[in-house]
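Protein chains: 2
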Amino acid sequence: MISTAQTSHLDSIGSFLAMEIFSRAQQLEAQGKEIIHLEFGEPDFPPPPEAADAVRKSFENSPAGYTHTQGIEQLRIEIAKKYSDDYGVRITPEQVLVSNGSSLLLFLSVRLLAPPGSEVILTDPSFACYENTIRVAGAEPVLLKLHREDGFQLNVEELRKKVTPKTSAILINSPMNPTGVVFTQDVMKALAELEIPIISDEIYADLSYEDPPCSFLSYSQNTVAIHGFSKYYAMTGWRLGYMITPMAWMSAAARLHQNLMISANEFVQQAGISVLQKSKSYCESMKTELKHHWIFAWKFWKKPESQLLQDVTLDSAQKDTCD
Amino acid sequence: MISTAQTSHLDSIGSFLAMEIFSRAQQLEAQGKEIIHLEFGEPDFPPPPEAADAVRKSFENSPAGYTHTQGIEQLRIEIAKKYSDDYGVRITPEQVLVSNGSSLLLFLSVRLLAPPGSEVILTDPSFACYENTIRVAGAEPVLLKLHREDGFQLNVEELRKKVTPKTSAILINSPMNPTGVVFTQDVMKALAELEIPIISDEIYADLSYEDPPCSFLSYSQNTVAIHGFSKYYAMTGWRLGYMITPMAWMSAAARLHQNLMISANEFVQQAGISVLQKSKSYCESMKTELKHHWIFAWKFWKKPESQLLQDVTLDSAQKDTCD
Chain X
-10 MISTAQTSHL DSIGSFLAME IFSRAQQLEA QGKEIIHLEF GEPDFPPPPE
40 AADAVRKSFE NSPAGYTHTQ GIEQLRIEIA KKYSDDYGVR ITPEQVLVSN
90 GSSLLLFLSV RLLAPPGSEV ILTDPSFACY ENTIRVAGAE PVLLKLHRED
140 GFQLNVEELR KKVTPKTSAI LINSPMNPTG VVFTQDVMKA LAELEIPIIS
190 DEIYADLSYE DPPCSFLSYS QNTVAIHGFS KYYAMTGWRL GYMITPMAWM
240 SAAARLHQNL MISANEFVQQ AGISVLQKSK SYCESMKTEL KHHWIFAWKF
290 WKKPESQLLQ DVTLDSAQKD TCD
Chain S
-10 MISTAQTSHL DSIGSFLAME IFSRAQQLEA QGKEIIHLEF GEPDFPPPPE
40 AADAVRKSFE NSPAGYTHTQ GIEQLRIEIA KKYSDDYGVR ITPEQVLVSN
90 GSSLLLFLSV RLLAPPGSEV ILTDPSFACY ENTIRVAGAE PVLLKLHRED
140 GFQLNVEELR KKVTPKTSAI LINSPMNPTG VVFTQDVMKA LAELEIPIIS
190 DEIYADLSYE DPPCSFLSYS QNTVAIHGFS KYYAMTGWRL GYMITPMAWM
240 SAAARLHQNL MISANEFVQQ AGISVLQKSK SYCESMKTEL KHHWIFAWKF
290 WKKPESQLLQ DVTLDSAQKD TCD
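So the protein sequences, as listed, match chains X and S. Number 232 in this note's numbering belongs to position 243 of the first sequence; there are no gaps in the numbering. Number 86 in this note's numbering belongs to position 97 of the second sequence; there are no gaps in the numbering.
Please keep in mind that the hints were generated in silico from the structure rather than gathered at the bench. Please note that the accuracy of each hint is not assured.
As the list makes no split between identical chains, a pair holds if one copy fits it or if it spans any two.
As the list claims (entries may be wrong) - Restricting the straight-line Cα-Cα distance to at most 25 Å, the calculated cross-link-like pairs of lysine to aspartate or glutamate (DMTMM-like) are: (1) K276 to E49; (2) K46 to E18; (3) K150 to D175; (4) K155 to D0; (5) K280 to E83; (6) K267 to E49; (7) K291 to E31; (8) K178 to D0; (9) K155 to E129; (10) K22 to E62; (11) K288 to E67; (12) K151 to D75; (13) K22 to E83.
I would like the entire structure built from these sequences, with the hints used as guidance.
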């Protein structure tokens, strides 16, 4: 009676393979094997010390209860300030919704903008979860191939050919996981001119090593921006992310979030406030170090004997940095 | 261009009204008004002190990273032990999936068992989010009226009439929010005999004041049980919940979770381990106090001048307690 047949309607939802590899690596570690973890985009730095300090202080002040579904107001004020200071984009705290990690907000943003059966265009390659997330939300992923010979830049002319009356949104990620590529200003402008809602995953925005940090909101308000604390603040296991929407979409987004999550962890939100206020210099030092890692890895993999990256094209700025 | 039309496909997804009232109450508090909060099922006790201790210790040991998508193994071992000790149900740690709050797991369980377009039967009244959660998952909620004259017990004969070839699951909650009613053993047995998958929200299982704590898994394995730390452990704002599924369904459940959440907050999981190991006597004392609250509230509302609860029927055990 109980069988996998009951869940076979989910057969098209694949694993997040990095998690599968991580599980297997943990098993091997438990057997005493030494493992070098490369599965995740997980910085090998601890979070800023202000994060744990804020949690300890929160424990002294009050037991953690539910918060506003969009998040503690002070956190949303700090996020709006960050978007202004770091990306030159003006948003209000009422446009911000905080949750336990940006993965859920990727789902929420697709569910928000893409009615079931509609199409969401995404790049190939792209972050491993996108295609699954779109399917979980009941929409259809439409893949746009990125070409190595274009340096994995997005070709907006090719994208135009993928647009149909069923297209409800385009999902982008710049700087991109897994290629590391930052889309050019021309690409961003051309995307904005399509007048199709953009879901912009900006989780790596602050780890752009050549270009100044940028939000797609600089190009268009017709956007749901997704961001979080896992990368630049090295807070992966803390699960704290946020989304920014136009006010016209926030009522529906908040209703989805009330029903799916109620509200994000309170003291983790307090940690978010604290690192936004106090941890910029810590994070910039970490970023400098990560840039050195990148250059080291690049030189290593470029060696003929590594058989990797032999035919990858860099733009001139990237070449200058690595050489 | 940007308008609410883009999200109008979500017009049938209502607010979680308690959150709306909470937001309004917060605004009034900010204006200096004194508010007595009755919106949520939020115990007016702090969590067991072992919870914060575990977080502090976790900060000393390691930076929080991603964990196994089903949760830290030790936490899943403790949850399996709890189900054995408290409910007499044998499960394995491999059947457990931990997430940031049980709300997301309610969605995940519906998405797991109910293909889009299929029907999920739930009671009316029921917890405010259920109907919305089912719609967000793309399934159709089918309401089964509970009657005051039946003491809000579930009538399985009436439920049978709601079953169609499209029925994919039945969602129950015992002890129930908002009625407080515990379904009888006869109701539970009859539900099990339907051989339809049951999603059993057991978040209040440990706050049953008359009957011994019970899991629907005692009656059928054809079940997704949902539980968490918000009520009995008074850890609402911590966001920690879990689900238990048959092994046949766990692969699909884990794939959904990998893509929707990656993994739950690491140090909150450590707190979960700690309270399961150490906080039973603290929680039982709290439960005794909550029972006194219940009796007090009952006597207050039963007064003729309160105009409330005048025609509510109690079973004899409940009457004995309150009188």
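Item to check | Violations among the numbered hints, reported as their numbers in ascending order | outcome: Hints 5, 8, 11 and 12 are the ones this structure does not satisfy, whereas the remaining hints hold.
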